[in-house]
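Engineer: The hints should help you fit chain B onto chain A, whose structure is shown.
Quick mapping for you: the protein sequence lines, in order, are chains A and B. Quick note on my numbering: the first sequence kicks off at -10 and runs consecutively. Quick note on my numbering: the second sequence kicks off at -10 and runs consecutively.
Note that these hints are calculated values from the structure, not bench results. Check the hints yourself; a few may be wrong.
It does not matter which identical chain is used: a pair holds within one copy or between any two.
Said to hold, decoys possible - Calculated cross-link-like contacts (lysine to any residue; reagent style SDA-like; alpha-carbon spacing at most 20 Å):
#	residue 1	residue 2
1	K158	A22
2	K158	D98
3	K158	R23
4	K158	A20
5	K37	P91
6	K253	Y30
Protein chains: 2
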Amino acid sequence: MSPEPFSTWMAGIQVRAEAALGRLLPAASIAPARLHDAMRYAALGGGKRVRPLLVFAAGEVAGADVDRLDIAASAVECIHAFSLVHDDMPCMDDDVLRRGRPTVHVEYDEAIALLAGDSLQTMAFQLLSEHRLTDDARAQLEMVRILAKASGSRGMAGGQAIDLDAVGKTLTLAELEFMHIHKTGAVIRAAVGLGARCSGSNVLSDVELAQLDQYARYAGLAFQVVDDVLDCITPTATLGKTAGKDAANNKPTYVSLLGLAQAKQMAKQLRQQAVDSLSGFGERARRLTELADFIVQREF
Amino acid sequence: MSPEPFSTWMAGIQVRAEAALGRLLPAASIAPARLHDAMRYAALGGGKRVRPLLVFAAGEVAGADVDRLDIAASAVECIHAFSLVHDDMPCMDDDVLRRGRPTVHVEYDEAIALLAGDSLQTMAFQLLSEHRLTDDARAQLEMVRILAKASGSRGMAGGQAIDLDAVGKTLTLAELEFMHIHKTGAVIRAAVGLGARCSGSNVLSDVELAQLDQYARYAGLAFQVVDDVLDCITPTATLGKTAGKDAANNKPTYVSLLGLAQAKQMAKQLRQQAVDSLSGFGERARRLTELADFIVQREF
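For reference, chain A alone in the conformation it holds in the complex:
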């Protein structure tokens, strides 16, 4: 039996991810209704769902149950949505457009944006603790720890702080990489780590988990480099968010540091390193390989 094409698989996971979040987030009819409405507005209705795709692709390596992957994917996506809501606020990037729609603080107000972001973070940890994701509860606690560490001051939030500090500065390539490893890389690694740990037919060894983590590091960085390239070459209407914003804000990017051609080249190299990390898994890592290709080939 030949597996379904990547595009079919991807569309299927994107539909699943949307449906799972829709089911797991509190209904907008439940009090406080405006807060729940804002949480749903932030988390539903689009996005590429890269992190859920990574959860499912890593889950395939472990032979994991898709219902459990739904929970893990929703938790990671709640963290991602929370970070976007807070990152768009006036005291941060002050952005008005996200996925082609007004950002949460514009559509609602700043206080609701603050609380919706806070509550989406909380929801992530509630999901990881109230559903059974592995038959080994100690391993499930490890999943909570992985997502927490990736999201906090030494992960994503720390990367945002470094980013704020970098405005108007000239960074070295190493410093830019340090920022992105935290800001976007940490949660991408967590997505792969959680998918790989949802219990399934293959319990992965520590060595295998480390190989998947290495894949995630390279793929995460590739994703960021491509984002910088897209931000530079795509019009706002196509991008669904304000284009050229980083340059306008005098923020360092891979394009500003390396130039466009070299940034594209770097993305391709990182893609190769990501794929090389999967060499031991054979066919089980098909989706992870395809995702690395997808990340780099999105638009160029």
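Structural biologist: Okay, now just chain B, sitting in the frame of chain A:
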């Protein structure tokens, strides 16, 4: 052997709570330094530590190990500190003074306040997952779930949303109670629930856990009523935060709804109901009883 007086016990826990947080939070020397500095500023250096006191007092009923209670107490206090940082921000209560010092967004800036609050929330779940708090990992996942549920849109953050919505409105006593049960009550209940679940010499039955939870509901509400009374009768310098702020903001309080004398009377009744919930525990609940007294007798 007669137990140490309440005031000695309380001072000891307050010192422990400060020391544990100081040890568990990332050092201000670790990058991103300004973020870590702000997290420490927000969580250290004062406060009554009511939630850690409740964790330890409930832990005494379970005969729990104090090192494990340190972790649980720090997690709950991180949630509390996070909520204060975000609640003080300009888009929320816009307050400049907390515990007699400038609030985080005044001392640092709004972006750092946002990220420090976010990171303190994350830290709570990291603490509950990376340390061993019970020998039964499934029970520890339940502790994560309890704190997450208490903090999110159907707990504390939800209460803050209801509070925002209430400004300038006339609430009934039932509506005011609904708000406080979420805004402050949920995390107080979680503090008791976590302390009672840290494994110790007495594993508590579901009935006993429910009795402690009932105590926490009454004590939490009493705490809020007393807060409203103190906000009304205490000068700013003594209070350490801006006094009379709720009245000035046209926010409903127990005092505005009931008058001062009746609000005081209500606090005393709630204290009695809290203490009555402990009748089955005898001497093991000594500190919880004393805490109920302390909450109500703080200043009047």
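Engineer: Compare the structure with the hints numbered earlier in the document and write down the numbers of the violated ones, lowest to highest.
Structural biologist: 6
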